[in-house]
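Novice: Here's the letter readout for the chains.
Protein chains: 2
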Amino acid sequence: MKETSVILQSAKRAAEEAFCLTTERKNAALEAMAEALIAAKNEILSANGKDVESARQSISDVMIDRLSLNESRIEAMAAGVRALIALPDPVGRVIERATRENGLIIEKVSVPFGVTAIIYESRPNVTSDAAALCFKSGNACVLRSGKEAFRTSFEVTKALRRGLKKCGENEDLIQILEDTSRESATALMKAEGYVDLLIPRGGKGLIKACVEQAKVPVIETGTGICHVYVDAAADLQKAVKIIENAKTSRPSVCNAEEVCLVHKNVAGTFLPLLYQTLVKNRLSEGKTAVELRCDKRASEILSGVCNGGDERYIKAAGAEDFDTEFLDYILAVGVVDDVRSAAEHIAKHSTHHSDAIVTEDKKAADYFAAAVDSAAVYVNASTRFTDGGEFGLGCEMGISTQKLHARGPMGLKELQTYKYVVRGNGQIR
Amino acid sequence: MKETSVILQSAKRAAEEAFCLTTERKNAALEAMAEALIAAKNEILSANGKDVESARQSISDVMIDRLSLNESRIEAMAAGVRALIALPDPVGRVIERATRENGLIIEKVSVPFGVTAIIYESRPNVTSDAAALCFKSGNACVLRSGKEAFRTSFEVTKALRRGLKKCGENEDLIQILEDTSRESATALMKAEGYVDLLIPRGGKGLIKACVEQAKVPVIETGTGICHVYVDAAADLQKAVKIIENAKTSRPSVCNAEEVCLVHKNVAGTFLPLLYQTLVKNRLSEGKTAVELRCDKRASEILSGVCNGGDERYIKAAGAEDFDTEFLDYILAVGVVDDVRSAAEHIAKHSTHHSDAIVTEDKKAADYFAAAVDSAAVYVNASTRFTDGGEFGLGCEMGISTQKLHARGPMGLKELQTYKYVVRGNGQIR
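Respectively, the protein sequence lines represent chains A and B.
Per my numbering, the first sequence starts with residue 7, numbered consecutively.
Per my numbering, the second sequence starts with residue 7, numbered consecutively.
Hint data in this document are derived by calculation from the structure and do not stem from the laboratory.
As the structure is a computational prediction, the values presented were derived from the model and not from experiment.
Any given hint could be a false lead.
Claimed, not checked - Computed spacing ranges between beta-carbons, pair by pair:
#: 1; chain 1: A; residue 1: 189; chain 2: B; residue 2: 153; range: 34 to 42 Å
#: 2; chain 1: A; residue 1: 398; chain 2: B; residue 2: 398; range: 31 to 39 Å
#: 3; chain 1: A; residue 1: 367; chain 2: B; residue 2: 79; range: 34 to 42 Å
#: 4; chain 1: A; residue 1: 310; chain 2: B; residue 2: 15; range: 38 to 46 Å
#: 5; chain 1: A; residue 1: 82; chain 2: B; residue 2: 109; range: 24 to 32 Å
#: 6; chain 1: B; residue 1: 56; chain 2: A; residue 2: 271; range: 55 to 63 Å
#: 7; chain 1: A; residue 1: 221; chain 2: B; residue 2: 26; range: 36 to 44 Å
#: 8; chain 1: B; residue 1: 60; chain 2: A; residue 2: 325; range: 26 to 34 Å
#: 9; chain 1: A; residue 1: 214; chain 2: B; residue 2: 289; range: 54 to 62 Å
#: 10; chain 1: A; residue 1: 29; chain 2: B; residue 2: 8; range: 38 to 46 Å
#: 11; chain 1: B; residue 1: 214; chain 2: A; residue 2: 309; range: 56 to 64 Å
Stated by the list, open to error - As a list, the in silico EDC-like pairs of lysine to aspartate or glutamate whose alpha-carbon atoms are at most 20 Å apart:
#: 12; chain 1: B; residue 1: 196; chain 2: A; residue 2: 226
#: 13; chain 1: A; residue 1: 114; chain 2: B; residue 2: 102
#: 14; chain 1: B; residue 1: 47; chain 2: B; residue 2: 59
#: 15; chain 1: A; residue 1: 8; chain 2: A; residue 2: 226
#: 16; chain 1: B; residue 1: 354; chain 2: B; residue 2: 301
#: 17; chain 1: A; residue 1: 47; chain 2: A; residue 2: 22
#: 18; chain 1: A; residue 1: 214; chain 2: B; residue 2: 77
#: 19; chain 1: B; residue 1: 214; chain 2: A; residue 2: 218
#: 20; chain 1: A; residue 1: 419; chain 2: B; residue 2: 102
#: 21; chain 1: A; residue 1: 153; chain 2: A; residue 2: 102
#: 22; chain 1: A; residue 1: 221; chain 2: B; residue 2: 218
#: 23; chain 1: A; residue 1: 164; chain 2: A; residue 2: 37
#: 24; chain 1: B; residue 1: 210; chain 2: A; residue 2: 198
#: 25; chain 1: A; residue 1: 18; chain 2: B; residue 2: 350
#: 26; chain 1: A; residue 1: 221; chain 2: B; residue 2: 297
#: 27; chain 1: B; residue 1: 196; chain 2: A; residue 2: 177
#: 28; chain 1: A; residue 1: 114; chain 2: B; residue 2: 396
#: 29; chain 1: A; residue 1: 114; chain 2: B; residue 2: 372
#: 30; chain 1: A; residue 1: 172; chain 2: A; residue 2: 23
#: 31; chain 1: B; residue 1: 369; chain 2: A; residue 2: 22
#: 32; chain 1: A; residue 1: 369; chain 2: B; residue 2: 22
#: 33; chain 1: B; residue 1: 8; chain 2: B; residue 2: 113
#: 34; chain 1: B; residue 1: 221; chain 2: A; residue 2: 198
#: 35; chain 1: B; residue 1: 8; chain 2: B; residue 2: 218
#: 36; chain 1: A; residue 1: 369; chain 2: B; residue 2: 113
#: 37; chain 1: B; residue 1: 354; chain 2: B; residue 2: 327
#: 38; chain 1: B; residue 1: 114; chain 2: A; residue 2: 102
#: 39; chain 1: B; residue 1: 214; chain 2: A; residue 2: 198
#: 40; chain 1: A; residue 1: 214; chain 2: A; residue 2: 127
Ideal Cβ positions, reconstructed from N, Cα and C, are used throughout, including at glycine.
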């Protein structure tokens with residue numbers, strides 16, 4: 007087994023030399039990496055079969071599905087790598103340029119971080135997405151896959167490295183830790199001088215451990231308690247469609263809605279419509295209905311409405327329900343006085359991931375967009391759009407919920423820092 | 007004494023409402039803050055007198071000088087506040103804008119962090135600089151002054167708050183901790199949910215404590231082991247002037263040079279010139295001479311050169327000398343094979359603050375600028391220019407030596423994060 011410290015040292019060396027990679031060389035290598043993934047289909051599927059086999063006892067069906075590969079999923083991984091070829095090279099962009107009175111020319115230029123480490127769980131496509139994003143953005147990457155997916159991730163990494171080698175590039179730009187113990191994750195968190203950026207992708211526990219223990223710079227990716235606020239001036243049909251989408255299109259993801267706030271003036275009309283759409287219609291269409299956990303004002307309105315045994319989908323909200331990422335067919339519902347109270351509620355309860363207003367009133371929309379301090383603030387659209395692909399960034403390294411450096415979906419640009427290059431002809435101070 | 011937790015809560019509230027501050031309102035308040043500083047001259051000077059009086063036993067003369075105020079220094083502080091009026095408002099800048107195929111309009115907009123906390127030591131102007139930068143950039147600030155300067159910092163803060171009040175702005179946008187114990191600094195480091203950004207300005211110990219203990223996002227400001235590399239193609243007269251400036255114009259600051267590297271082809275000519283300039287000339291002009299700590303190759307060249315008892319300024323470099331921030335009239339001197347070895351040496355020994363090449367060879371300059379991964383890389387200019395004022399940022403919040411978010415001098419722009427504002431007309435995914 008390759009020692010973690012050896013991997014970190016060679017990653018650092020590879021990163022230090024990566025400044026000479028041209029866009030052409032990087033794009034050629036990305037193509038070779040995509041081809042190598044396809045060529046290694048059998049090895050990857052066989053490793054994946056073993057991973058799935060041994061994981062079956064210990065993890066849920068949803069997780070097994072996340073872990074499982076087939077031919078078309080491998081092709082999708084290769085397509086993800088290829089998609090980066092068309093995106094602009096983020097390295098060496100002159101962000102600002104100034105000529106000072108003393109003649110100094112100061113340029114602020116985008117440069118890679120150096121070594122980026124990613125700790126993730128069981129989704130094999132993260133291996134190729136993260137490696138390809140790091141490579142195109144001039145970073146060396148050190149991957150630390152979850153134990154359940156290690157065999158698969160290892161084969162995927164081997165294929166990507168073969169692609170690099172074929173093009174004469176340094177294979178050490180893409181490496182995976184062979185040690186999948188908790189200690190190896192901790193080693194990355196404490197690898198000062200070796201890891202320039204650490205991105206944890208996974209559950210709450212992992213993120214918390216990184217934030218608390220890391221001595222290297224971390225970007226938190228995180229939980230989403232996302233709100234949709236239905237304003238007095240909302241188009242209620244639009245609102246109910248947005249909420250059904252935000253809540254039910256994929257309840258297990260971080261950009262799914264967890265809380266619906268409704269302006270008191272329209273609550274009497276809107277809440278019955280919401281109930282009709284999320285409960286009655288879905289039940290009659292054979293879909294999973296959404297449980298509504300209502301605050302006092304919402305309960306009063308809905309108590310007179312439901313009939314025919316659907317009362318079990320209307321519950322009184324408990325103390326925790328407005329602070330919970332359900333990741334399930336459950337929606338907390340509250341009535342608020344106005345857009346200001348909605349923004350205040352969101353400031354208090356949101357995880358500042360994605361929050362939306364539905365309104366036809368430009369003033370209310372502008373107030374909400376200015377007052378709500380979240381990574382993504384929506385006007386008349388579903389929170390589900392917070393995603394690297396949907397934002398046009400290509401595949402993503404995760405969605406940052408912190409404010410330092412990157413916020414929201416992270417793509418190539420977010421894997422850059424900058425430096426100042428100052429040119430003179432002998433200036434002294 | 008006001009409790010730290012009470013201060014943090016009111017800072018958070020003030021920050022949440024700061025989105026409604028227009029540029030005009032902010033500039034009017036900055037003017038009022040500057041006027042209030044001048045008006046409070048007597049109170050500030052009297053508090054400063056007490057601080058200086060009680061500090062005299064415990065701190066050095068240099069520190070006493072840093073701590074001491076007089077009328078013209080207070081005027082300079084007010085001028086620093088006023089200088090921000092002319093600078094563009096960093097808040098609400100649309101950094102990127104895209105219209106997606108589905109009609110969504112995605113804007114990436116600069117927004118303040120929220121609450122910015124600054125832990126600093128004994129320079130009173132940091133109080134007004136930091137508070138004014140935070141205010142103009144839409145942040146609430148929580149200041150934590152060193153104990154030695156507390157009376158002064160408190161009076162300065164009071165004056166700034168009077169300026170805010172006069173304009174009807176929320177005074178809680180500028181607050182100072184009244185507790186100056188170590189615990190109050192630790193409280194800021196751990197104030198998750200209250201402090202959005204922590205900037206420590208001070209010695210190594212403080213920075214290290216913040217990096218190790220902080221649970222809130224920190225920007226490290228830091229030590230500078232800055233290099234000047236004299237290339238084979240250097241104009242040697244230019245080189246020696248740049249080095250004298252970088253080393254001796256203010257040896258105690260972080261952008262001062264600590265290491266000189268010389269290409270082997272010119273070392274035989276250049277090192278005697280360096281010795282002449284930094285030792286002989288300075289001695290004969292009654293200035294402090296620079297002690298040269300030489301590696302083996304540099305020693306061999308210089309051993310034949312010095313005479314007349316100046317040998318004491320030429321020493322053999324010890325193991326630590328290429329990794330030490332001397333902050334003194336000492337320079338480590340080494341001979342290297344070429345620009346590549348110079349860059350390798352810098353990668354290994356630099357703190358990635360500011361490093362320079364002196365050369366007339368464009369290829370060598372471009373190689374150095376690309377290969378050296380420091381916050382500021384100079385071609386034919388002194389490292390002393392790494393400074394907010396010199397870079398045109400106005401006064402500065404410190405010089406970041408980390409790569410996450412901000413690098414080099416931090417001004418108004420670096421006190422911004424961003425959010426995505428996404429506008430649609432009912433889009434769902």
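Novice: So, for every hint listed, does it hold in this structure?
Specialist: Comparing the hints with the structure gives:
1. A:189 with B:153: 34 to 42 Å: This hint holds: roughly 41 Å between Cβ atoms.
2. A:398 with B:398: 31 to 39 Å: 32 Å, holds
3. A:367 with B:79: 34 to 42 Å: 52 Å, violated
4. A:310 with B:15: 38 to 46 Å: With a Cβ separation near 40 Å, residue 310 (chain A) and residue 15 (chain B) satisfy 38 to 46 Å, so the hint holds.
5. A:82 with B:109: 24 to 32 Å: Holds, since residue 82 (chain A) and residue 109 (chain B) (Cβ atoms, about 26 Å apart) stay within the stated range.
6. B:56 with A:271: 55 to 63 Å: 59 Å, holds
7. A:221 with B:26: 36 to 44 Å: 39 Å, holds
8. B:60 with A:325: 26 to 34 Å: 50 Å, violated
9. A:214 with B:289: 54 to 62 Å: For residue 289 (chain B) against residue 214 (chain A), whose Cβ atoms are near 60 Å apart, the range 54 to 62 Å holds.
10. A:29 with B:8: 38 to 46 Å: 56 Å, violated
11. B:214 with A:309: 56 to 64 Å: 59 Å, holds
12. B:196 with A:226: 16 Å, holds
13. A:114 with B:102: 17 Å, holds
14. B:47 with B:59: Status holds; Cα separation ~18 Å.
15. A:8 with A:226: Distance ~28 Å between residue 8 (chain A) and residue 226 (chain A) Cα, so the pair is violated.
16. B:354 with B:301: Since the Cα atoms of residue 354 (chain B) and residue 301 (chain B) sit roughly 16 Å apart, the hinted pair holds (cutoff 20 Å).
17. A:47 with A:22: Not OK: residue 47 (chain A) and residue 22 (chain A) at ~32 Å, beyond 20 Å, violated.
18. A:214 with B:77: 50 Å, violated
19. B:214 with A:218: Roughly 15 Å between the alpha carbons, so the hint for residue 214 (chain B) and residue 218 (chain A) holds.
20. A:419 with B:102: Distance of about 12 Å is within 20 Å: holds.
21. A:153 with A:102: 44 Å, violated
22. A:221 with B:218: OK: residue 221 (chain A) and residue 218 (chain B) at ~6 Å, within 20 Å.
23. A:164 with A:37: Holds: residue 164 (chain A) and residue 37 (chain A) sit about 15 Å apart, inside 20 Å.
24. B:210 with A:198: 16 Å, holds
25. A:18 with B:350: 12 Å, holds
26. A:221 with B:297: The hint is violated at about 36 Å.
27. B:196 with A:177: 40 Å, violated
28. A:114 with B:396: The hint holds at about 14 Å.
29. A:114 with B:372: The hint holds at about 15 Å.
30. A:172 with A:23: Holds. Residue 172 (chain A) to residue 23 (chain A) sits at ~18 Å (cutoff 20 Å).
31. B:369 with A:22: Distance ~19 Å between residue 369 (chain B) and residue 22 (chain A) Cα, so the pair holds.
32. A:369 with B:22: 19 Å, holds
33. B:8 with B:113: This hinted pair is violated, its Cα atoms lying about 41 Å apart.
34. B:221 with A:198: Holds. Residue 221 (chain B) to residue 198 (chain A) sits at ~17 Å (cutoff 20 Å).
35. B:8 with B:218: Violated: residue 8 (chain B) and residue 218 (chain B) sit about 27 Å apart, past 20 Å.
36. A:369 with B:113: It holds: about 18 Å lies between the C-alpha atoms, which stays within 20 Å.
37. B:354 with B:327: Satisfied, since the Cα-Cα distance of roughly 13 Å is no more than 20 Å.
38. B:114 with A:102: Within the cut-off at roughly 17 Å; holds.
39. B:214 with A:198: 12 Å, holds
40. A:214 with A:127: 15 Å, holds
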